[in-house]
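So the protein lines, in turn, are chains D and V. Residues in the first sequence are numbered from 1 upward in steps of one, following the numbering used here. Residues in the second sequence are numbered from 1001 upward in steps of one, following the numbering used here.
Be a bit skeptical, because a hint or two may be false.
With a Cα cut of at most 20 angstroms, we get these calculated EDC-like pairs of lysine to aspartate or glutamate [claimed, not checked]:
1. D/Lys278 x V/Glu1315
2. D/Lys432 x V/Glu1051
3. V/Lys1238 x V/Asp1271
4. D/Lys234 x V/Glu1336
5. D/Lys278 x V/Glu1312
6. D/Lys234 x V/Glu1341
7. D/Lys143 x D/Glu122
8. D/Lys450 x V/Glu1051
9. D/Lys432 x V/Glu1146
10. D/Lys252 x V/Glu1331
11. V/Lys1332 x D/Asp176
12. D/Lys549 x D/Glu494
13. D/Lys230 x V/Glu1336
14. V/Lys1307 x V/Asp1123
15. D/Lys278 x V/Asp1320
16. V/Lys1149 x V/Glu1293
17. D/Lys230 x V/Asp1320
18. D/Lys431 x V/Glu1051
19. D/Lys9 x D/Asp176
20. D/Lys230 x V/Glu1341
21. D/Lys189 x V/Glu1293
22. D/Lys450 x V/Asp1094
Computed from the model, here is a short list of chain V residues facing chain D with C-beta under 10 angstroms [said to hold, decoys possible]:
23. Ser1086
24. Phe1233
25. Asn1236
26. Glu1315
27. Gly1326
28. Gly1328
29. Leu1330
No wet-lab data here; the hints were simulated from the structure. We put the CB at the ideal spot given by N, CA and C, even for glycine.
Given next are the chains, with one letter for each unit.
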Amino acid sequence: MEKTVEVLKSATIRFAGDSGDGMQIAGSRFTDTSAFFGNDLSTFPDFPAEIRAPAGTLFGVSGFQIQFASQDVFTPGDEPDVLIAMNPAALKVNLKDLKPSGTIIANEDAFIEKNLHLAGYESNPLEDGTLTAYKLIKVPITKATNNAVKELGLTAKDANRCKNFYALGLTYWLYDRPLDVTMHWLEDKFKKKPVIADANIRALKAGYYFGETAEIFTTRYKVKPANLPKGIYKNITGNHATALGILAASLKSGLPLFLGTYPITPASDILHDLSSYKNFGVKTFQAEDEIAAICAAIGASFGGSLAFTSTSGPGMALKSEAIGLAVMTELPLVIADIQRGGPSTGLPTKTEQADLFQAILGRNGECPVPVVAASSPADCFMMIFEAARLACKFMTPVIFLSDGYIANGAEPWRIPHESELPIIEGEYWTKKEGFHPYQRDEFLARPWVKPGTPGLEHRIGGLEKQHITGNVSYDPQNHEYMVKLRAEKVKNIENHIPLAEVEGDKEGELLIVGWGSTYGSITTARERLLAKGYNVSRLHLKYLNPFPKNLGEVLSKFNKVLIPELNLGQLRKIIRAEFLVDAIGMNKVQGLPFKASEIEKKVIEVLSGN
Amino acid sequence: METESTNGTQVKLTAKDYASDQDVRWCPGCGDYSILAQVQRIMPSFNLTREKTVFVAGIGCSSRFPYYMNTYGFHGIHGRASSIASGLKMARPDLDVWVTSGDGDLLSIGGNHFIHTLRRNLDIVIMMFNNKIYGLTKGQYSPTSEHGKVTKSSPFGTLEEPFNPLTLALSSGGSFVARAMDRDAKHMQDTISKGHNHKGTAFIEIFQNCNIYNDGAHFLYTEKETKPDNTLFVENGKPLIFGEHKDKGIKLNGFRPEIINFNEDGNSINDVIVYDETSKELAMIVAQLSDFEGFPMPFGVLYKVNKPVYEEQMELQLEDSVKKLGKGSLEKLLFEGSTWEIK
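Hey, can you work out the whole structure from these sequences and the hints?
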């Protein structure tokens, strides 16, 4: 049969199966191969909080979506073109997202009575005609995988586990991708278990050749390499970029890095990465709880380290008293909050942007803390670096916001050379003459004195300080003065961060204002709107406290301001309060990122006055 | 002896040099004065410099201690002194780090950090001033208050059993566990010095009198009339004897300690346990003596053993990884793994 090749600008596929089916591995291998191939891409791993939820159940479904393209990509895609469903539950959970007339590749071997029942199907959807609106391709993935590896004498369990590579191989064929990147990866990964490497490679090839020979596929797709700026690239997840960024800040400031942390999803990978950088002199401390973690970091900062603590929403809540201590003692400290669905333990593996109030306001007393937010996986690198720069320059804790979506998602990153990175000024005070612990420089920052410096012995702590001397003071006038001084110090940071820059016309009908991980969806939505002839501008905020100092002026140039957020309108409330702008909210709290189409639809609604 | 250069001449430091310029604001008659005085007195003997010394505290009367020491100091937040001190010591193993805390601060709100700090065995000294009451919050019961204690927050008596700080410290893996009292200056100096010279976390409980909210809580052990028969001063290699005439001792009957009187039933000093501070079994038995009716309260160094020190192991891991992997290069790290070039 003649097979046609269709050239696409971009494609979106989703692998879905049980949480033990290796869908995350299949997805990340596809990601690596596409990146090597030169596509731009964006990924969205979506998995249950249970490590191994019962097989076949709806709540145990694990998914990995990737959009890859020959053009710029800002999101993992709204609707998959292809859904690889390893069992009925995976089909049921993911079908609603599939593009109309999209392709389903289903492992028909898993559509047995028990699994159909677990997924709540009364009859087999592969047989009963309910999927006629889609291109349904039934593949006996389990059997075919077992056949491919049977000569190797593996246990039934080990043989079965190769089926994700069979599915991957088939997908490679469908999108005309090379196998060698994955084969090398397998050989390297299973260096000590060559039989397993061999089995997976056989499964991978079997899947690929099935596509080649089977009479069921009529079309193959091709997505050409993207036209990205020159440079060396690698795929990077938000958490890995965060770990690299804070390490770079330590090396660029000459300050030893200390991480005090406690494991929490989705922040733990930052600890995993940094704890392997011991040959950089990085000290990582897995404390007994979140409070000990941040307090140890504060102790290390007092000792002269670049102190870092990483957590997620619930851990952030536990750290708030200690953040106040760092504000009062005016010590540099970087706090990374990798947001997840809340409140309380909420949705541990799902994304949300609802910690903005917590970051800006969530402490006792007047307790100003600078807040920055990364907009994409790769952007985590520069924004955590920026958080460290501000912390050291202004002697203050700084909160860095990321979220589950960008923490686990990946995108190609043009790797900067070490020499391209700015130097961070982090200097200790050593002069004995005229020293006072709470004297201030032109940035209102107090001196950072390392214990061990002769003649500068002093005491600091959480009680209110007397201006300049730093002695404990209950004087009412002094307290108000110090409260205002600390606020002024943080506000003054606006003079040391970039101005807000609008993309598109600088004035007009509608400005979309976003922050954090909604960057990609908003960008894609705006591109589509522009293509349809709607003129909308956008502003993406990376500095949330203080705001860029021209923000009020920028906002005033637009008739309408739309603020999409994955919360109930936290940034909108602040913008409305601060600038008296009648901003319109667009809010989603489902543990999921925005689809570009959702934003597109909302903008059209707003523009048409509905 | 510690010396410091002033105008080019080396002068020997004294207790006075360790007093800061801040007014001490404890209540008149507070046991903390004695502890402060003893610490300031022994500091010059450690051959350190003032700038290398850091006192870290949580919240409570005891936790004002750092303000009164002319060294570096950090007054933290409730219960977290051990955590702040741990981070400081990990970051700066060259510093001499001390924690001053109270029974409420350390064992209640800071209980979790306390047990884990002992388990890790950083080389720091933790002095816990125990007055069996919450002083700064004006008189509520603490985790060491005796069962049935009537206080402001327990007008009908507490329902809780108190912690025995020594057994808690021992079972948390403490490598140096000792007890002293505010009214016995010499013994306190000696105990704190030993704690400071120990490599690893030294936990020293210091009985302290709060003359405002719990006056006399420890009088049985501090007053001339009652002290000899109610206290047992433990010394390594010496028999466990006590009493006004040194005629009583502790003997083991199986695992059960018994008090014997040398003047009765043919008992002799030879039947008494000779103390071995490296025996955790013995330390556990002696630390628990006071939990039983009629037994004396133990003081002195109950346990002292050498164990790996956390921050040293941390440094070693860093050195080892440099040996194994070479000194980290950011440029190399950034570009390692699967990369591709766009030309």
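Hint-by-hint comparison with the structure:
no.: 1; hint: D/Lys278 x V/Glu1315; verdict: holds (9 angstroms)
no.: 2; hint: D/Lys432 x V/Glu1051; verdict: holds (12 angstroms)
no.: 3; hint: V/Lys1238 x V/Asp1271; verdict: holds (13 angstroms)
no.: 4; hint: D/Lys234 x V/Glu1336; verdict: holds (9 angstroms)
no.: 5; hint: D/Lys278 x V/Glu1312; verdict: holds (14 angstroms)
no.: 6; hint: D/Lys234 x V/Glu1341; verdict: holds (9 angstroms)
no.: 7; hint: D/Lys143 x D/Glu122; verdict: violated (24 angstroms)
no.: 8; hint: D/Lys450 x V/Glu1051; verdict: holds (9 angstroms)
no.: 9; hint: D/Lys432 x V/Glu1146; verdict: violated (50 angstroms)
no.: 10; hint: D/Lys252 x V/Glu1331; verdict: holds (12 angstroms)
no.: 11; hint: V/Lys1332 x D/Asp176; verdict: violated (32 angstroms)
no.: 12; hint: D/Lys549 x D/Glu494; verdict: holds (6 angstroms)
no.: 13; hint: D/Lys230 x V/Glu1336; verdict: holds (18 angstroms)
no.: 14; hint: V/Lys1307 x V/Asp1123; verdict: holds (10 angstroms)
no.: 15; hint: D/Lys278 x V/Asp1320; verdict: holds (9 angstroms)
no.: 16; hint: V/Lys1149 x V/Glu1293; verdict: holds (17 angstroms)
no.: 17; hint: D/Lys230 x V/Asp1320; verdict: violated (38 angstroms)
no.: 18; hint: D/Lys431 x V/Glu1051; verdict: holds (14 angstroms)
no.: 19; hint: D/Lys9 x D/Asp176; verdict: holds (14 angstroms)
no.: 20; hint: D/Lys230 x V/Glu1341; verdict: holds (7 angstroms)
no.: 21; hint: D/Lys189 x V/Glu1293; verdict: violated (64 angstroms)
no.: 22; hint: D/Lys450 x V/Asp1094; verdict: holds (12 angstroms)
no.: 23; hint: Ser1086; verdict: holds (5 angstroms)
no.: 24; hint: Phe1233; verdict: violated (34 angstroms)
no.: 25; hint: Asn1236; verdict: violated (32 angstroms)
no.: 26; hint: Glu1315; verdict: holds (9 angstroms)
no.: 27; hint: Gly1326; verdict: holds (7 angstroms)
no.: 28; hint: Gly1328; verdict: holds (3 angstroms)
no.: 29; hint: Leu1330; verdict: holds (5 angstroms)
When the structure is compared with the earlier hints, violations turn up for hints 7, 9, 11, 17, 21, 24, 25 and for no others.
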